[in-house]
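We have chain A already, so just place chain B on it with the hints.
As given, the protein sequences belong to chains A and B, one line each in that order. Under my numbering, the residues of the first sequence are numbered 1 to 419, in order. Under my numbering, the residues of the second sequence are numbered 420 to 736, in order.
Keep in mind that a hint or two might mislead.
To be verified - If you want the ones that stay clear, here's a sample from chain B, every Cβ over 10 Å from chain A, calculated:
id	residue
1	Thr-446
2	Thr-447
3	Ala-504
4	Gly-522
5	Thr-529
6	Thr-655
7	Leu-668
8	Pro-682
9	Arg-728
Claimed, not checked - Calculated lysine-lysine pairs in the PhoX-like style (CA-CA distance at most 25 Å, straight line):
id	chain 1	residue 1	chain 2	residue 2
10	A	Lys-419	B	Lys-491
11	A	Lys-191	A	Lys-202
12	A	Lys-311	B	Lys-491
13	B	Lys-491	A	Lys-102
14	A	Lys-167	A	Lys-282
Unchecked claim - Between beta-carbon pairs, the in silico distance windows are:
id	chain 1	residue 1	chain 2	residue 2	range
15	B	Gly-496	A	Arg-407	55 to 61 Å
16	B	Ala-562	A	Asn-139	36 to 42 Å
17	B	Leu-719	A	Pro-415	53 to 59 Å
18	B	Leu-722	A	Asp-200	25 to 31 Å
Hints listed in this document are in silico derivations from the structure and should not be mistaken for laboratory results. Idealized CB from N, CA, C, for every residue including glycine.
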Amino acid sequence: MINARKALGALALTAIVGLSAACSGTAAETSGPAELRMTVWTSNEAQLKLLNSIGDAYRADHPDVSKITFESLPFADYNTTLTTQIAGGNAPDLAWMGDLSKDLIASDALVGLTDKLKATDGWQYDDLLGSVTAEYSRNGTLYAYPFSNSPFALYVNTDLLAKAGQKIDPATLTWDQVAAAGAAVHEKTGKAGFVIRDFDYKSWNVLATVWTGFGAAAWSQDGKTCTFASPEMQKAFSFLHDAAFTSKAMPSPGTTADFFAGDAAFTIAQVSRASLLTGSFKFGLHPLPTGPAGKYAVLGQAGVGVLTSSKHQSQALDFLAYLTNPSNAEKLAQFFPPPRKSLLTGAKLAANNKTLSAEQLQSVVVDQLPNAVTLPNHTSPAEIAQKGKTALDAMWKADADIPAVLRSVCAAIEPILAK
Amino acid sequence: MSATTKNRVVSRASANVRGTARPPFWTTRRRDVLTGYLFIAPQLAGVLLFVLVPVGLAIWYSLNDWNVFTGKQTFVGAEHYTALASDPQLPSVLLATAIFSGGVVILNITLGLLIAVLLNRRFRGATLFRTLFFSPVVVSVVAWTLVWGFLLQDNGGINGMLATIGIEGPNWLQHGDTAMLSVIITQVVRSVGVNMVLFLSALQGVPSQLYEAARMDGAGSRTIFTRITLPLISPTLLLTAIITIVGALQSFAQIAVLTGGGPELSTTVLVYYVFQQAFEFNDIGYGSTLALMLLSFVMLLTLLQWQLRRKWVFHEQ
Numbered sequence: 001m002i003n004a005r006k007a008l009g010a011l012a013l014t015a016i017v018g019l020s021a022a023c024s025g026t027a028a029e030t031s032g033p034a035e036l037r038m039t040v041w042t043s044n045e046a047q048l049k050l051l052n053s054i055g056d057a058y059r060a061d062h063p064d065v066s067k068i069t070f071e072s073l074p075f076a077d078y079n080t081t082l083t084t085q086i087a088g089g090n091a092p093d094l095a096w097m098g099d100l101s102k103d104l105i106a107s108d109a110l111v112g113l114t115d116k117l118k119a120t121d122g123w124q125y126d127d128l129l130g131s132v133t134a135e136y137s138r139n140g141t142l143y144a145y146p147f148s149n150s151p152f153a154l155y156v157n158t159d160l161l162a163k164a165g166q167k168i169d170p171a172t173l174t175w176d177q178v179a180a181a182g183a184a185v186h187e188k189t190g191k192a193g194f195v196i197r198d199f200d201y202k203s204w205n206v207l208a209t210v211w212t213g214f215g216a217a218a219w220s221q222d223g224k225t226c227t228f229a230s231p232e233m234q235k236a237f238s239f240l241h242d243a244a245f246t247s248k249a250m251p252s253p254g255t256t257a258d259f260f261a262g263d264a265a266f267t268i269a270q271v272s273r274a275s276l277l278t279g280s281f282k283f284g285l286h287p288l289p290t291g292p293a294g295k296y297a298v299l300g301q302a303g304v305g306v307l308t309s310s311k312h313q314s315q316a317l318d319f320l321a322y323l324t325n326p327s328n329a330e331k332l333a334q335f336f337p338p339p340r341k342s343l344l345t346g347a348k349l350a351a352n353n354k355t356l357s358a359e360q361l362q363s364v365v366v367d368q369l370p371n372a373v374t375l376p377n378h379t380s381p382a383e384i385a386q387k388g389k390t391a392l393d394a395m396w397k398a399d400a401d402i403p404a405v406l407r408s409v410c411a412a413i414e415p416i417l418a419k
Numbered sequence: 420m421s422a423t424t425k426n427r428v429v430s431r432a433s434a435n436v437r438g439t440a441r442p443p444f445w446t447t448r449r450r451d452v453l454t455g456y457l458f459i460a461p462q463l464a465g466v467l468l469f470v471l472v473p474v475g476l477a478i479w480y481s482l483n484d485w486n487v488f489t490g491k492q493t494f495v496g497a498e499h500y501t502a503l504a505s506d507p508q509l510p511s512v513l514l515a516t517a518i519f520s521g522g523v524v525i526l527n528i529t530l531g532l533l534i535a536v537l538l539n540r541r542f543r544g545a546t547l548f549r550t551l552f553f554s555p556v557v558v559s560v561v562a563w564t565l566v567w568g569f570l571l572q573d574n575g576g577i578n579g580m581l582a583t584i585g586i587e588g589p590n591w592l593q594h595g596d597t598a599m600l601s602v603i604i605t606q607v608v609r610s611v612g613v614n615m616v617l618f619l620s621a622l623q624g625v626p627s628q629l630y631e632a633a634r635m636d637g638a639g640s641r642t643i644f645t646r647i648t649l650p651l652i653s654p655t656l657l658l659t660a661i662i663t664i665v666g667a668l669q670s671f672a673q674i675a676v677l678t679g680g681g682p683e684l685s686t687t688v689l690v691y692y693v694f695q696q697a698f699e700f701n702d703i704g705y706g707s708t709l710a711l712m713l714l715s716f717v718m719l720l721t722l723l724q725w726q727l728r729r730k731w732v733f734h735e736q
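Pulled out of the complex, with its shape left as it was, chain A reads as follows:
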């Protein structure tokens, strides 16, 4: 009996110690060779092969790192999965990040990179383009390396335009002309006019690719005040509402049309989406159309950073510096538009791009990046997205009261902006 009691006591103690260790979640550096893990959202074999080859080359010279794993998570659930891993004490050492970056930086969950990158021989910190590092910086410190900087551009199905007898001049193209040509294509061919890719009447932040041309913004520069109800935004949404319900230049809610399958005359999508072109129709690729506020450019970004919860912070930081050095940045540039000025020429980008010409890449990537604004990003991005969407749903009815709906968006998201 005494033995049984002792055994039970030992078991309970082991369980408590085990649980305490599992729940402690400390980020103390561990001894011995480190095993690094980096979460990514790509499952593209070529991209993973490149990442693994860079990881292997790093390990060959760094015996203190025994393994580097690139964990591919589904894009749709990436933020949720990464957050759950962090909350569960199973955070990766390094992670790709999109709109979660503001939350991670604000929570001090990312390690500052600037000192390490500047101190790394040959890294050339000054080579980074200022406009693409702002999103991932706070008080002059960079917290994530913006490895992908893909501007939004206008893709044109020239076959469909010709079929509908429409001609456009890319040099002077305006949103009104796109809507007019799109409406004509829809009327004459039954295909869609223009599609804002990934919007689908849900992901409203990509509408920044339109409203920026009207001089509108979702919120003020400091992120504290909602500017959805501004006159510029009203004009932008009047344009979109008219395109959806009056001129039919844009597919109405609940209707799908895939430009890359030949179902639409125009689409606004990131340059990196050119890989979806199959050659089944002739296409043109141009900078975004001019809006009432003039020419503009919008950028979608992705960064990579080191988490403060990593048990191997110094090794992870060192690997990040290696992964993003000029030589590896050039390799990554075949998939992701780089943040380095030295790599940002049409000819260099075209060397690894089988779909787009040097001229196209120069005009839609290189010339746009210096002045591009990023898609709206803020702390609590999912909550803002959901509350904004819930309010904006009332916009997508034929008889919508546009100013009232925009005011309701502000009413819904302002408490979150003010946090």
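Coordinates of chain B only, in the frame set by chain A:
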């Protein structure tokens, strides 16, 4: 003297002979108790690990603010519970939950019973029809909902079929009322097979001589159904009501895939709202509070139904 008593006497006597008065630890009773516990241990461990511990943790989380990025927890007491009263979205969510659950329960039980009564008759192809009605149950809920999502698009299959008979169908998933109707029907069509099978089994358990006697007494079909069939299948009716209500309150994938809770909040049911708060907005504390509210609803409804069984159920086997 029984064999057991005799054994005890012998045992005590030999213990006295050895000079030790201590009885053996493993008595028959203790062995029986241990065997019983060992038999229920797997189930008990499951309930403990996957029900009681999570519920306990949810209660703890609901009393804390948890910054998921840093792991820092701050005790806030009843703050999340008081926040329920000031959440502007919660009334719409509760209304959507009531409409969805009510709609699913009423349609599912009515349709399930109707199909079961029809298929309980002997006719050629009855087995084929039973298989047809049951087959959606075994289809993956996400795959099922994705297909319905395509069918319910403005330019989808359902409106295409309606157009062939000259009807211009609505944009099903873009308007609050039709979106709710769509998710209810999608859920009912998929799950009605379970209730149908349960009702069929119950109907086949009703003694045929009762029907014969009723007919001889001149009872019509309606009277036979309300006076004989319904009372005799009432235990199954109660069971299906509980299963369907609990299932409806837990419906998540249909909403997530088909409407994402929209348009506006028209199809945001409580379980989806819990997911949004906890896993999308990273507000684990408030999400846990909502989850506990959902748990209390399910428990209350189940309790209420069990209390009402005396009125509903006319016999219990």
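Outcome of the hint check:
1. Residue placement check: B/Thr-446 keeps its beta carbon more than 10 Å from all beta carbons of chain A (closest about 13 Å).
2. Look at B/Thr-447: its CB is around 17 Å from the nearest CB on chain A, clear of 10 Å, so calling it non-interface holds up.
3. Consistency note on B/Ala-504: stated as away from chain A, and its beta-carbon is indeed over 10 Å from all of that chain's, at 16 Å minimum.
4. Consistency note on B/Gly-522: stated as away from chain A, and its beta-carbon is indeed over 10 Å from all of that chain's, at 21 Å minimum.
5. The beta carbon of B/Thr-529 is kept farther than 10 Å from every beta carbon of chain A, the shortest such distance being approximately 29 Å.
6. Under the 10 Å C-beta cut-off, the non-interface status given to B/Thr-655 relative to chain A holds; the minimum distance is some 39 Å.
7. Interface exclusion of B/Leu-668 from chain A stands, the closest Cβ pair being 21 Å apart, more than 10 Å.
8. The beta carbon of B/Pro-682 sits about 4 Å from the closest Cβ of chain A, which is not more than 10 Å, so the claim that it is off the interface is violated.
9. In this structure B/Arg-728 is separated from chain A by more than 10 Å, as the shortest Cβ-Cβ distance comes to about 40 Å.
10. A threshold of 25 Å between alpha carbons decides the hint, and for A/Lys-419 with B/Lys-491 the separation of about 18 Å falls inside it, so the pair holds.
11. Between A/Lys-191 and A/Lys-202 the alpha-carbon distance is near 22 Å, which keeps this suggested pair within the 25 Å criterion.
12. Taking the CA atoms of A/Lys-311 and B/Lys-491, the gap is about 17 Å. The hint holds against a cut of 25 Å.
13. About 18 Å separates the Cα atoms of B/Lys-491 and A/Lys-102, which keeps this hinted pair within 25 Å; it holds.
14. At most 25 Å may separate the alpha-carbon atoms for a hinted pair to count; A/Lys-167 and A/Lys-282 meet this at roughly 14 Å.
15. Under the hint 55 to 61 Å, the C-beta atoms of B/Gly-496 and A/Arg-407, about 35 Å apart, miss the expected range.
16. As the Cβ distance of B/Ala-562 to A/Asn-139 is approximately 49 Å, the hint placing it in 36 to 42 Å is violated.
17. Distance hint check: the CB atoms of B/Leu-719 and A/Pro-415 are about 32 Å apart, inconsistent with the given range 53 to 59 Å.
18. For B/Leu-722 and A/Asp-200, the hinted distance range of 25 to 31 Å is not satisfied, since their beta carbons lie about 43 Å from each other.
Violated hints, listed in ascending order, are 8, 15, 16, 17 and 18; each of the other numbered hints is respected by the structure.
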